[in-house]
Amino acid sequence: MLVLLLTLPPLAAPFSFTYNFTSPSDTPPPGIAFQGDAFYNKAIRLTRDERLGPITSSAGRAFYSRAVPLADPVTRRRASFAAAFAFSIAAPDPASASGDGLAFFLSPFPSALPSSSAGGLLGLFNSSAPRAGKLVAVEFDTYKNGWDPSGDHVGVDLGGIVSAATADCPTSMKDGRTAHARVAYDGRAKNLTVALSYGANATRPNATGDVLLWYAVDLLDYLPDSVAIGFSAATGEAAELHQVLYWEFTSTVDPKEESVILWVVLGLCALLLVLIGAGVVWFVRQWKKAGEFDDGDIEVDDVMGGGGEYDELADEFVVESGPRRFRYAELAAATRNFAEDRKLGQGGFGAVYRGFLKELGLEVAIKRVSKGSTQWRKEYAAEVRIISQLRHRHLVRLVGWCHEHRGDFLLVYELMPNGSVDHHLYGKSGVLLTWQMRYDVALGLASAMLYLHEECAQCIVHRDIKPSNVMLDATFGAKLGDFGLAKLVEHGSQPYTTALAGTLGYLAPECVMTGKASRESDVYSFGVVALEIACGRRPAELDH
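With the UniProt record's numbering, letter number 338 in the sequence shown gets 338, and the count goes up by one each step, no holes.
The set of hints was computed from the structure by calculation and includes no laboratory data.
Some clues are possibly wrong.
[To be verified] DSS-like mimics (lysine-lysine), calculated; alpha carbons at most 27 Å apart, straight line:
id, residue 1, residue 2
1, Lys487, Lys516
2, Lys190, Lys358
3, Lys343, Lys190
4, Lys134, Lys190
5, Lys144, Lys134
[As the list claims (entries may be wrong)] Computed beta-carbon distance windows for the label pairs:
id, residue 1, residue 2, range
6, Ser23, Gly505, 53 to 63 Å
7, Gly536, Ala339, 32 to 42 Å
8, Arg391, Trp147, 37 to 47 Å
9, Ala95, His392, 30 to 40 Å
10, Leu504, Asp168, 33 to 43 Å
11, Leu360, Lys134, 29 to 39 Å
12, Ala67, Ser25, 23 to 33 Å
13, Ala339, Trp147, 44 to 54 Å
No experiment lies behind these values; they were computed from the predicted model shown.
Glycine included, C-beta positions come from ideal geometry on N, C-alpha and C.
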């Protein structure tokens, strides 16, 4: 047991540091290394100042003197990190041209300042190879070179000085004001965000700021597992002064939950040997509890409450659909017996749980429909029948289904790591949807509706289009889900009359008055959603 404990990979611990470079001391802070023209004088100064000679054609770097992990070397889990820092860029002569800016960078450890990297190369790349190198940088560029969109802009550089993504800064960055920047990377979602704001406090940067840039990127495509992090700046024929006043950095590598559980179990076994027997008994009982339901224990008739109708339905699912039938034991094990800490959300229909299917190596979302709901039996059957026939990049993919456990109806979907659109519109996620992201969401939803209405063999009327049914994948791509109310109709047929279904505020007036649903009523709902995405207001407020 102790041998197993000693051979476990180390858990990734949170890593952080904080520097206030505005201290009155003239001694460089410990843990910071300098290269090129960079030096310390009550702030990190990345390029020469007047006391050290000409301030043109200068380049320098300052970086943390220890390697920072970008991924767990055993599990390959990406790190998530946030760098908050305050800096200032000042032109000695406001009437003359100035340049070129500074950058926050990640590179192989240790950092190496390239030769001939002054001017627009920002001390990042050699002039003979400006588009090649293992380096990622967020540049705060103040001079418009031939490859730049404007004079004052923020850019993400991936292995080259030509930015993969840029955003114009709404104000001058070279007027000497203190800028507060935050560069954050989500290792699970693989996206990079850059926020920038201005304020008087140089010792504690604004933790949020205005998000100028969001970019989806896997940093391990450009960098090794451990990296150097720091700042770089340069001047060319024009000149300016570059200072870093404050730097705060945090990083965590999110370990696999199974590794954490194994650590806890083995640690308890090693330290509390008297509890080994009880622990094994408890574990076996929990496992048996998760696996005690199978097709032989429960008649399919019991689930639907009558005859062989559900047997035929199950056969129809298997024949017609790409999704597979899961055993209840598989889904219970994937969610740790539907544990509370695996719950993603709760609604009138039941709950949604996060799960991991070991056999497929796939993270999924499992909808567990409330027990004893006759209406949900119908909607469960409708959803499997309809969505299993659909293949479109803007529709949530159904992975499988299960109804063998008495009273439970389980639908297994691909996991949408960024949740639903309404989660972001109303400030629950902490991620601001930019105008470009909102436009892309609306465009993706429109593409899904065109497919349902015009490109399928039969027209599919969704009947419940709303932000909570529009999910966002890892790159914030929109995917329409929840087909429990959907209906198949023939192309060119008249709207059909049915019981009122949908969500108030998104229903077309004719649906409310006549009960008739059609492609046109879906388009009405889309218009409401588009307005909601644009203005961030619900169509119907409960308190008004």
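Quick rundown of the hints versus the structure:
1. Restraint check: the Cα-Cα separation between lysine 487 and lysine 516 comes to about 12 Å, which is no more than 27 Å; the hinted pair holds.
2. Of the supplied pair hints, the one linking lysine 190 and lysine 358 holds, its CA atoms being roughly 22 Å apart against a limit of 27 Å.
3. As the CA atoms of lysine 343 and lysine 190 are separated by approximately 23 Å, the hinted pair is consistent with the 27 Å bound.
4. Note on lysine 134 and lysine 190: the hinted pairing holds, with a Cα-Cα distance of about 18 Å set against a maximum of 27 Å.
5. Among the hinted pairs, lysine 144 with lysine 134 is consistent with the structure: their alpha-carbon atoms are about 24 Å apart, no more than 27 Å.
6. Restraint check, serine 23 to glycine 505: a C-beta distance of roughly 56 Å satisfies the suggested window 53 to 63 Å.
7. Distance hint check: the CB atoms of glycine 536 and alanine 339 are about 34 Å apart, consistent with the given range 32 to 42 Å.
8. Between arginine 391 and tryptophan 147 the beta carbons are some 40 Å apart, a value that agrees with the proposed interval 37 to 47 Å.
9. One distance hint, 30 to 40 Å for the beta-carbon pair alanine 95 and histidine 392, is violated here, with the actual separation near 57 Å.
10. For the pair leucine 504 and aspartate 168, the supplied restraint of 33 to 43 Å holds, since their beta-carbon distance comes to about 41 Å.
11. The supplied range of 29 to 39 Å is met by leucine 360 and lysine 134, whose beta-carbon atoms lie about 33 Å from each other.
12. The hint said 23 to 33 Å for the Cβ distance between alanine 67 and serine 25, and at roughly 26 Å that hint holds.
13. Range check, alanine 339 to tryptophan 147: Cβ separation about 52 Å, and the 44 to 54 Å hint holds.
Taken one by one, the earlier hints fail for this structure only at number 9.
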